[in-house]
Each structure stands twice: as C-alpha cells, then as structure tokens.
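> Residue numbers (our numbering), protein chains in the order written: chain A, 50 to 352; chain B, 23 to 481; chain C, 299 to 603.
Treat the hints as calculated values from the structure; they're not laboratory data.
So the derived list for chain B, only partly shown, Cβ under 10 Å to chain C, looks like this:
| id | residue |
| --- | --- |
| 1 | Q68 |
| 2 | R79 |
| 3 | E245 |
| 4 | L388 |
| 5 | I449 |
Computed Cβ-Cβ distance ranges for the label pairs, DEER-style:
| id | chain 1 | residue 1 | chain 2 | residue 2 | range |
| --- | --- | --- | --- | --- | --- |
| 6 | B | W80 | C | T434 | 32 to 40 Å |
| 7 | A | E275 | C | G331 | 35 to 43 Å |
| 8 | C | R480 | A | A140 | 51 to 59 Å |
| 9 | B | W80 | C | R480 | 42 to 50 Å |
| 10 | B | L317 | C | A465 | 55 to 63 Å |
Ideal placement from N, C-alpha and C gives every residue a C-beta, glycine not left out.
Below are the chains, spelled out letter by letter.
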Amino acid sequence: MRAGLAPLLNVEHLTMRFGGLIAIDDLSFSAARGEITAIIGPNGAGKTTVFNCITGFYKPSGGRLLFNASDATPSPDRIDLLTTSGARHAATPGGELFLLERMPDYEIAARAKVARTFQNIRLFAGMTVLENLIVAQHNRLMQASGWTVLGLLGAPQYAAAERQALDKAKYWLDKVGLSERADDPAGDLPYGAQRRLEIARAMCTEPRLLCLDEPAAGLNPRESAELKDFLKSLQAEHATSLLLIEHDMSVVMDISDHIVVLEYGQKISDGPPDHVRNDPKVIAAYLGVEDEEVEEAEAEISP
Amino acid sequence: MAIAREPAAASDGAMRSLTAAIVDALGTALIALGLAVPILALRTEQNMFNELILQPRWGYVAVAVAAAFAARLFYLLFAAVRPRARPRSALPGTAGTVAARTFAGIGLAALVSYPLIALALTGKAGAIKWIDNFGIQIMIYIMLGWGLNIVVGLAGLLDLGYVAFYAVGAYSSALLAQTFGLSFWICLPLAGILAALWGILLGFPVLRLRGDYLAIVTLAFGEIIRLILINWVPVTGGYAGISGIPRPTLLGLPFNASDEGFAAYFQIEFSPVHRAIFLFYVILALALLTNWVTLRLRRLPIGRAWEALREDEIACRSLGINTTNTKLTAFAIGAGFGGFAGSFFAARQGFISPESFTFMESAIVLAIVVLGGMGSQIGVAIAAVAMIGGTEILRELDWLRRIFGPEFEPTQYRMLLFGLAMVLVMIWKPRGLISSRMPSIFLHQRRRVRGELVKEGHG
Amino acid sequence: MEYFLQQLINGVTLGSIYGLIAIGYTMVFGIIGMVNFAHGDVFMLSTFIALIFLLALTQVLGFASLALALIIVLVLGMLLTSLWAWAIERLAYRPLRGSFRLAPLISAIGMSIFLSNLVQVTQGPRNKPVPSFLTTVLTLREGETYTVTLSYKQILIVAVTALLLVAFWYLVQWTSLGRAQRACEQDRRMAALLGIDVDRTISLTFVMGAALAAVAGLLFMIYYGVVSFADGFVPGVKAFTAAVLGGIGSLPGAVLGGLLIGLIETLWSAYFSIDYKDVATFSILAITLVFLPSGLLGKPEVEKV
Numbered sequence: 050m051r052a053g054l055a056p057l058l059n060v061e062h063l064t065m066r067f068g069g070l071i072a073i074d075d076l077s078f079s080a081a082r083g084e085i086t087a088i089i090g091p092n093g094a095g096k097t098t099v100f101n102c103i104t105g106f107y108k109p110s111g112g113r114l115l116f117n118a119s120d121a122t123p124s125p126d127r128i129d130l131l132t133t134s135g136a137r138h139a140a141t142p143g144g145e146l147f148l149l150e151r152m153p154d155y156e157i158a159a160r161a162k163v164a165r166t167f168q169n170i171r172l173f174a175g176m177t178v179l180e181n182l183i184v185a186q187h188n189r190l191m192q193a194s195g196w197t198v199l200g201l202l203g204a205p206q207y208a209a210a211e212r213q214a215l216d217k218a219k220y221w222l223d224k225v226g227l228s229e230r231a232d233d234p235a236g237d238l239p240y241g242a243q244r245r246l247e248i249a250r251a252m253c254t255e256p257r258l259l260c261l262d263e264p265a266a267g268l269n270p271r272e273s274a275e276l277k278d279f280l281k282s283l284q285a286e287h288a289t290s291l292l293l294i295e296h297d298m299s300v301v302m303d304i305s306d307h308i309v310v311l312e313y314g315q316k317i318s319d320g321p322p323d324h325v326r327n328d329p330k331v332i333a334a335y336l337g338v339e340d341e342e343v344e345e346a347e348a349e350i351s352p
Numbered sequence: 023m024a025i026a027r028e029p030a031a032a033s034d035g036a037m038r039s040l041t042a043a044i045v046d047a048l049g050t051a052l053i054a055l056g057l058a059v060p061i062l063a064l065r066t067e068q069n070m071f072n073e074l075i076l077q078p079r080w081g082y083v084a085v086a087v088a089a090a091f092a093a094r095l096f097y098l099l100f101a102a103v104r105p106r107a108r109p110r111s112a113l114p115g116t117a118g119t120v121a122a123r124t125f126a127g128i129g130l131a132a133l134v135s136y137p138l139i140a141l142a143l144t145g146k147a148g149a150i151k152w153i154d155n156f157g158i159q160i161m162i163y164i165m166l167g168w169g170l171n172i173v174v175g176l177a178g179l180l181d182l183g184y185v186a187f188y189a190v191g192a193y194s195s196a197l198l199a200q201t202f203g204l205s206f207w208i209c210l211p212l213a214g215i216l217a218a219l220w221g222i223l224l225g226f227p228v229l230r231l232r233g234d235y236l237a238i239v240t241l242a243f244g245e246i247i248r249l250i251l252i253n254w255v256p257v258t259g260g261y262a263g264i265s266g267i268p269r270p271t272l273l274g275l276p277f278n279a280s281d282e283g284f285a286a287y288f289q290i291e292f293s294p295v296h297r298a299i300f301l302f303y304v305i306l307a308l309a310l311l312t313n314w315v316t317l318r319l320r321r322l323p324i325g326r327a328w329e330a331l332r333e334d335e336i337a338c339r340s341l342g343i344n345t346t347n348t349k350l351t352a353f354a355i356g357a358g359f360g361g362f363a364g365s366f367f368a369a370r371q372g373f374i375s376p377e378s379f380t381f382m383e384s385a386i387v388l389a390i391v392v393l394g395g396m397g398s399q400i401g402v403a404i405a406a407v408a409m410i411g412g413t414e415i416l417r418e419l420d421w422l423r424r425i426f427g428p429e430f431e432p433t434q435y436r437m438l439l440f441g442l443a444m445v446l447v448m449i450w451k452p453r454g455l456i457s458s459r460m461p462s463i464f465l466h467q468r469r470r471v472r473g474e475l476v477k478e479g480h481g
Numbered sequence: 299m300e301y302f303l304q305q306l307i308n309g310v311t312l313g314s315i316y317g318l319i320a321i322g323y324t325m326v327f328g329i330i331g332m333v334n335f336a337h338g339d340v341f342m343l344s345t346f347i348a349l350i351f352l353l354a355l356t357q358v359l360g361f362a363s364l365a366l367a368l369i370i371v372l373v374l375g376m377l378l379t380s381l382w383a384w385a386i387e388r389l390a391y392r393p394l395r396g397s398f399r400l401a402p403l404i405s406a407i408g409m410s411i412f413l414s415n416l417v418q419v420t421q422g423p424r425n426k427p428v429p430s431f432l433t434t435v436l437t438l439r440e441g442e443t444y445t446v447t448l449s450y451k452q453i454l455i456v457a458v459t460a461l462l463l464v465a466f467w468y469l470v471q472w473t474s475l476g477r478a479q480r481a482c483e484q485d486r487r488m489a490a491l492l493g494i495d496v497d498r499t500i501s502l503t504f505v506m507g508a509a510l511a512a513v514a515g516l517l518f519m520i521y522y523g524v525v526s527f528a529d530g531f532v533p534g535v536k537a538f539t540a541a542v543l544g545g546i547g548s549l550p551g552a553v554l555g556g557l558l559i560g561l562i563e564t565l566w567s568a569y570f571s572i573d574y575k576d577v578a579t580f581s582i583l584a585i586t587l588v589f590l591p592s593g594l595l596g597k598p599e600v601e602k603v
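Produce the entire structure from the sequences given, and follow the hints as far as they go.
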C-alpha cells in the first residue's frame, strides 16, 4: 500500500458464520483509494463471502466495514462516534462515512457507490446490451422522471436525462467494444463479451469502488491481456478503486497494487505483489503443504 | 432447455410401421378405458327415494376410447414425423415490429367499430347480447389482463389472487355509491386508489417471497377476501351482495326511458342498446388507458426496472435499485387497474355478489396473461378474445343440440373446454402466443428479443 | 372438557385425511419444484371413484361382506386414481418440464378446472349422499353435558394413515426408489447422468401421491357421507397449507402439518366461528409463508449469490 493514500475501505475483524461453519475468521485489511487490491487464495477460502459481506448480500456475523467516501482520513474519534451511534452513515466535512455492515445491498450500491460483478455472470439476458446499461443508471433517471409522475406527463427534463444516460451508455459501449451489438439481447453475446458488458454496466453506476469477482475466469490469454489493460484504464481514467478476486496470477501480479491472501477464511498474507509472491505461507497454501511441514518448506525456500 | 425437448420426437418418428402404431394406439385406448371407468361409465343419480343408483353410460365410454385410439394413431403416423424443433430464425427481427404495429392498429379499429358493426348486423334487439355479453365481457377481461400483465408479465411477480383487487374495487365503488350517493365517475378513481392502497398493504409483507410461494400467498389472500365478503354481512351483504348500484351516466344523462334520459335529450327513440354501447365505450376507454399507461411506463425507468427485476433480482440490487419499492409499485399499479375494472363491473351490473370474485377469476386472468405471452399487450388481448370469446360463443351454438341430443347443454362444457384449452395452449406454446419481447430503448435499430432468452421471474 | 376432547378426536381424524393428501403435494414439489394444482381435484375424483365402485359392488353385484367390498374399492380406487395422475403427468406436465416455471403451473390450473368440470358434467352438479354404513360408535367418556364418542370410522382413518405413513417413510428412506427420488430432488441432471430413469421416478412420485390421495378419498367418503365435484379446491388448498406448514418436501412434515391444520380447523369451528374457519386456514397459510417459509420440519433455502 502506497504511503499517504487515504484508505477507502477498512475491513476490521470481519467474521462470517453459517451455522457452525466459520467462513471468515477475524479478517482485517484495507483497500486504499485509487489502488487495485486483489484478494486471492485457494478455492473455498471465503473470497466471494468477503465480497458478499462488503456489498451487503450477506450480513456479517461480526466486525466493521468502514467505507470512507470523503477526501480525508477520518479521525478515530469520528469513527467511534459513528460506530456507537448505531447509524449507517455520517456526513463529515470532506464527504461521507459508511458502515457497510449495517446497510442493505442496494443502499451500498446506490449511496456508498460500491458496485460489483458476479462469479456467475448476472446479466439481464432477455434485455438488450443497451438496456442493461440504461437500467444501471436507474436511480438518476428515476429522480429525473420525478419518480415516474413527471415522466408519464412528458416533462422535458426526463428526456434530457435520458439523452445523457444514452450518451454515457454509448461511451461505455465504445470502451468495451460492444457498440455494434448494442441492440442485441445480452444473452446472445459470447462469454468474453458478456463479462465486459457486466463490468461496463457496473461502471455506469459511477462507483467509487468496483468489486470484480473473478473477471478473468474463462478468458483466453489474449482476452486476459485486454482485461488487464481495461482494468488499468479504469483505475487511471476514472479514479475508480478496484477490489478483485482472481485466480489468474498473471493478471493479479501484473496489475495489483496490493494483495490480500486468504486461506480457510483467515488472512495469511498482505502486501504488495513482490512480498506476497515470495511469502512461504502463500506458497504453502497454494501447493498444499501440511501445516507441520510449513517450517521445513520455509527453510527450504528461504536462502 | 434443449435436452427436454427433442429425444421423444426422434423415437416417435421412427415408428412408421403401421402395426407398431396400431399397437401403441391400442395401448392408449386401454388407458383411456381405464380413465373413463368409472367416472364416465357409471353416473350416480338419485332415484325417487333419494338413494343413489348407478346409471351405466357405456356408449360414451366407447366414444371416448375410440376417440383416444384415433387421436393417438393420427399423432403417431402423421404428427410425430414433423420435426419438433423449429429452426431458429436469425433475427425474429424488424419484420415483427412493423407487423405488430399494423396489427395493433387493425385491432384498435376493430374494437372501436365493434358495437356499430354488431348493431348493423343484428339490429337493436340482437345487438345487446353481442355488445354486452360478448363485447363488454371480453373488454373487462382484456383490461384485467393488461392490469395483471404489469405484475406478472413485466415485473415477473406471480400473483394468483388478482381477483382480490377486482373485488376491492367493485365493493368499495358500490359502497361509496350507496353510502355517499357519489356518481360512478367519482367512485371510479376512488375505487382504483383504494385498490392500489390495498395492493401496497398486501405487498409489503408478501413481496419478499419467491416464485411459487408468492403465488400461494396471493391465492390465500384472494380467498380470504372472498370469505370476508361472504361473512361480513352488515357491510357487504353476504351472499346477497349489494344491489341498486347506480349506472354510469353520460355527463348526468342516465340511460333510461325517462324524460331526463339520454334518448329523450337527443330526441331519439329509447332503446336499451344505447346503454350497452355507452358502457362498451367506457370500458374500452378504461382498457386503452391501462394500455397507454403500461406502454409509457415500459419506457420509463420504473418499467425498465420491472423487467430487469424479472430477469435477475440480485443483479438489480447490485445496481442500487431498491427492488422492494419496485415490486410494490408494480403491485400497486396493477391493483389500481384491477380496482378500476371492478368499479366498472359493479356499475355495469348494478349488483355484485361474492360469487363473481372466486379464485377461478384470478386463474382465468392469469391464464390470459400467460397464454398471451408475458409482457405482450397484443398477446394478452388476443388471448382474452380467444379464451373468453371462444367459450362464450358456446352459448350460441344451439345447433349442436341437433347433433348431441336435446339434453345437451353447451354452457356446461364452457369451463371444461376452458381448462382443456389452457392445458393444450400451454403445451403448444409454453411461452405464450407472443413470446418475444420488444426492447424499450434502442441505439441503432429496434429488434425483438426471442422468447427463450426472456426470463419469467421468480417473484 | 369433554367437548374439548371430542374436538381433539375430530381434529386428529380430519387432520389425518389432510395429511394423506398433503404427502402428494409435498412429494411432487420436492422432486420437480412444482405445485400440483390438480392434486386436490384428483382427490375429489378419487372420492367419486370410491363411491361408484362401492355402489357397484354392493348394489349391482350384491356383495354381502362390507369389509371385502371396501378392500376391493380401496385397491381399485388406488389403481385408477394413480392411472389418472400418471396420465395427467404424462400429458400436461412432462412436455413442459423445462426452465419456464409458469407453464406447468398454468397447465396444472387448467387440469384442475378440467377435472372438476368433467366430474360435474358426467356426474351432475348435485351433492351425492353416500349410503351409510360402519356406524358403530364407542362411548369413551360420559360427562355432565357432553359425551365423548369415538367412532369406528375415526379409528379406521387414523389407523390407516399411521400405517401408510410408516410404509411410505420406509419406502422413501430405505428403498432404491426412495433414493432415486431424493437424488432427483437434489440434482435432476446429475441423477440422469448417473443412470437414474428420471422420467420414471417422477411418474412414480405422482402415482404414489395419487394413491395416497385415493386412500384419503375413500376415507373422506366414508367419514363425511357426501361427495361433491367442488370438493377438490378447498380441501386441496388446506392440504397444501398443511404441506407448507410442515415443511414442503418433508414427508413427516406433511402429516404433522395435516394434523395441525385439522386440529386448528376443528377447534376454531368449535370455539370461535364456523363461518370463518376457512379464513383461519388461509391466514395460517399466509402467515407461515411470510414468517416461516421453510415450515416446521423443512430445510431453509439459501440462494447462492
């Protein structure tokens, strides 16, 4: 994590239990503003569960998810005040603070501006590519239509807002190369295009934090390379912070600024790519060395 | 799913040998025999001592078995040979759009001119039946279908208790008219609002259920409403219902034979057909209003949100859409239109009773929506005309008595055929008559989306 | 006190009948996730089949032994009702088994309408009184104002239900058919890939449900003494309520739900108002679905995000 950057998301002592099963065990990490943070780990480590907690689809069993949507780092007192007050969010001079664990999923997307994609693509398959992108801009369009009433009566401000939404959709269609297929049903697109569309749709909500669940899954090397460039451009041109779950190490190591490694719901490593790449615990987790043999393996690996 | 559809056709098609087909058909005939005995074969009748005796009706059994044999044989030899899967056309496309619009135009013209045509063809006396029992009846169902279409077709919320809103609209309109002496034109919007409020009240606890569970809960509520209507006698009049509901007037002119009546005012000879024609145009206007609102809403964010909700609710939530409010809006608006229809129904009949608000009505309206093709306004209209018109027309087929004997009462078979038709149409077109979907916004070209891609929603 | 005991007895009896019908709903929903709307009308059909065969045996063929006649009626009723259920599944549901869930539901509703009207048309719309028999009543307890009685019919109903429950429980848990059913419930495609004949398993599920409904139909006919074509809808919904209350997909849950519904309905009619007894049942249905959708003995469903 580059020094000096205010943390966007502070995951503190996150715990998630399903009955007797502990899926996430006291997990803490930070995602800095403007960075690409990756969560990696073997299958079943709890990565998607972390996502679901952050984006509000699961209610965490414990812990705090502090989302800082302001320019400055909030003081510890400010944070304590919010935590004890029982409120979901608070306004600070620089912006807003959110406690994501208290917010429902749609509110996290709408107010805190945390967007996500899904491991199994969830597009609106029966709607066209364009419609998918327009639906993403629902809240702003709803407001412009006067909660439908003005729109029903034909007020001009809605027409203007719709034109703006179309422009934004067109922009993203160009960016992901789907302009030609704007009027095709989303379900007809090839797999790689569907993935790109899902990301474009998430970007139409103008998120501060974009959570991507295995964006490179099922992509061939050329598509993965394109994805890498695309994600980097999101970071550079749109000042969006990224949080991604990924198995494809070439993608992760190349573009991440910060990596968090999970195994069995616990964090086993945290740091820049170089650090994580060489961390013996990480190697052991991926190669499957027994706990007792970890020390031996470490001894072998270290110079 | 492709897996479920094609293997049967392949094996059936191979059975071209006549003997094999006959044997198979005999098997079917045997099954038909088993099904027919004893329900068809032996009829329970009460004799003079009020005891039950059995009347054999083996003739009918023979006919049924023979029909089953013939049908199966025909199917095996001719129908099964045709390939089941239709080749998918590249784009169901733009041709569909133009055709749809012309069809809609023709349909509208037909509806508007219907009463006049009926009048011209059957004269004043005969036209009443055609305009009232057919025309108005079908229009009511079209309106109910369009109202339910918002809930089931667009938002994908499976509502099996739509009759509750119809009933709330009818009864509140009747009670308002009786208690406060309000005219139909004031009761109408009030009834719609009350029904919409009831929709919100009902929707609140219920809309987080998915799919079949939502269906059953709405069915339960529909039945609860009906039972309350039957039992809360001081307010609803119980089985006797409410009568003496004032009929709609045209700007204060009632449609009766009095001196202040419509006929007297325009100095034409009084005829009951005037009111029928007037009522027809009222319901037509209401239905067209429903249609217009639906089409407009589809192009507004709320309508798109409904369709997105039907496609994938979790994706909607991840985009910041408050799906609970979205569902409630669909429910409330659909309920409001149901309430309008109910208010009209009460005023047209002059009398309402709980018998008109059974689960069967909900089922019929749902069938119309699904058979028409969810979300398709034209499909719903066609389905309503076909199903309701088709079964109503049975009342007219007196000539069938000459074939089946004087005891034959075609109306008895109305619902029987209706149920059968529901099953058959579903098997023929599981996604409804018009299953493709028209996008509400386009960049280059508006092209219809194939029915197979569109989800039906899980509540 | 005696009055209460009597209501308990009556409630358990009624509940047993509901439970038998509920098993059919719960098994079909468990295996193909569909609410078989026509099941209630299949039950109604079975009451008529039972009545007609009973009349045929006693009046036309002059059977002397009532017990023997009842057994033959039971067997024939189960066979023919199962045939109907099999035919319905084959014709109206199987072609629609796929991803579009509304189509089988509409088809089922259509089938329900068809069945009730078929019986109405072929048998006439009037209620049919059943010749009375098996009228022995045991006096259990004599109180001051009320005498608690237990009739042979009631004993028969509860005993038959208990027996069948044990038999079906055994069938589902220990036989290969039961295993095949449970496999299909969990993952139909995988079960097919492993060699299970999914179509046959599903057909058998429908048949089993219908057979139990046929038993319920015979018992219903004996107990209530009158059958009518309209008896499909309300008992059907109540039995479905029982299945939901007990936990849809769970066999013991269906019977437990049935008993609860039977008791609630009887006690409500006895102590509150007989007019609103159906409202009580429907309200329970609504409340259960809203607050406890997985029922008492069912497993909660979690959707994977």
